[in-house]
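A.B. asks: Here is what each chain is made of, one letter per residue.
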Amino acid sequence: MPDQDPAAETARRRARISRSRVATRLAERPLRDLGVLGAVALLGATAAFGGLEPAEVEEVAPLVPGTTTTAAPLEVTVDRVLWTGELPGAYLEGEGNRWIAVTATVTSTHTESLYATELDDAVALIDVPGLVKEPELGTDRVSASTVLHVLDGSPLGPVQPGLTYEAVFLFEQRGDVEPPTDATVALVGRTWRSWSWQSGEAWLDPAVVARATLPAREAVDSTEEDA
Amino acid sequence: MTGSAVLRRAGAGALVVAALALGQVVRTSLPADSLIAAPYERAGDVGAPVVMRYATVQATGVDGSTVIDDAGSALTTPGVWVVVPLTVTAHGEPRRLGYAALRAADGRIFRADGNRSSFETGTVQTGLTRTATLAVELPVEAAAGAELLLALDATTDTRRDDMAVIDLGITREMAETWAGRTDAVAVPTSADAPVATP
Chain E
1 MPDQDPAAET
11 ARRRARISRS
21 RVATRLAERP
31 LRDLGVLGAV
41 ALLGATAAFG
51 GLEPAEVEEV
61 APLVPGTTTT
71 AAPLEVTVDR
81 VLWTGELPGA
91 YLEGEGNRWI
101 AVTATVTSTH
111 TESLYATELD
121 DAVALIDVPG
131 LVKEPELGTD
141 RVSASTVLHV
151 LDGSPLGPVQ
161 PGLTYEAVFL
171 FEQRGDVEPP
181 TDATVALVGR
191 TWRSWSWQSG
201 EAWLDPAVVA
211 RATLPAREAV
221 DSTEEDA
Chain Z
228 MTGSAVLRRA
238 GAGALVVAAL
248 ALGQVVRTSL
258 PADSLIAAPY
268 ERAGDVGAPV
278 VMRYATVQAT
288 GVDGSTVIDD
298 AGSALTTPGV
308 WVVVPLTVTA
318 HGEPRRLGYA
328 ALRAADGRIF
338 RADGNRSSFE
348 TGTVQTGLTR
358 TATLAVELPV
368 EAAAGAELLL
378 ALDATTDTRR
388 DDMAVIDLGI
398 TREMAETWAG
408 RTDAVAVPTS
418 ADAPVATP
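Listed in order, the protein sequences are those of chains E and Z. For the first sequence, position 101 matches number 101 in my numbering, and the numbering has no gaps at all. For the second sequence, position 36 matches number 263 in my numbering, and the numbering has no gaps at all.
Watch out, some of these pointers could steer you wrong.
Said to hold, decoys possible - Partner residues aside, some chain Z positions facing chain E, computed with beta carbon under 8 Å: (1) G334; (2) R335; (3) S344.
Please keep in mind that the hints were generated in silico from the structure rather than gathered at the bench. Please read all numbers here as calculations on a predicted model, not as lab measurements. Positions of the beta carbon are idealized from the N, C-alpha and C atoms, including for glycine.
Based on the provided sequences and hints, a complete structural model is requested.
C.D. replies: Next comes the structure, spelled out in structure tokens:
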């Protein structure tokens, strides 16, 4: 039975004029079949060049203090969350502000040195009120203002491959806000891939890989703790 | 259009796609890009000058510990510090070496351009020599057999230009001895080398 669709009728007439049997057969197929054929052709063509990119599903694991978590290119073991006022080697922007400190050990698994770009946001805070630093663009997480090496108080960088550093990630909080009794800590991992718009590769696409709400308390002098 | 003409066109299209796919396979399988962009390595040893297009460099020693005194700040490492004093003589125009790193035997790169691991020559005037000291922290097992890499470009672009590669002669025994030291090795700031008086 001839199809009532005028567009299909036009296509068949043109096919008959061109005397193409292939075009005639294609024009007589339902449109949904042509869509399937088109998808098959697309997959076949892209397969020759590595295929289409898989859709990534973000999986966020629970962050457990004392347990090592991979936040590529780092392996991070979070210890505790503390808050304090003055801290040697760290300088508050506002008078009366305080530091929220997340202590952790970090080890780089990369084959070259890492810098602030990959380190500062490896440990982030979420939904902690009064943080001076703005959240990362398009996210609700705030990266550290500075990261110090615990052994000598120096700013940590570059992070050398294979070394395990005792680090403290510092987040400045306004003094007019109550100190936190808990804080949501997130570990952020990246993907090693090529740039989309220039040559070369880098650690890109930061995404939360683990998170948990941990208790926070005021830091006390270690000598007082020993006493 | 006849059926045979359609088949000929389809076949030509398939050949084009196949050629493109083959080219992609060749390009991604062979390290052509990295070979074309590789620096020109100029090898040397501690105590011997390494002459490059833009400067002559010479490592005058090598030392190590778990602590360094960097301009009055004591820096402690979880691994081992490797400290290398150098002289740098500029050729052609004032130079400032922007790239310095240790390359371990397994290929890992430990850069010296931060708050901790560092190397700063300052501007070396044409024909003059400055002394500068490199300090890099790395795992103990990576120090043995490590080479010192020095190049010009501050943006870390080391492609297609000279790079000094100096064998520091570090043995495993030396690295393990340094890993047990707690006395600080001094890392002096860069300065003009004293001019020899006749």
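A.B. asks: Give a verdict on every hint.
C.D. replies: Structure-based check of all given hints:
no.: 1; hint: G334; verdict: 7 Å, holds
no.: 2; hint: R335; verdict: 5 Å, holds
no.: 3; hint: S344; verdict: 6 Å, holds
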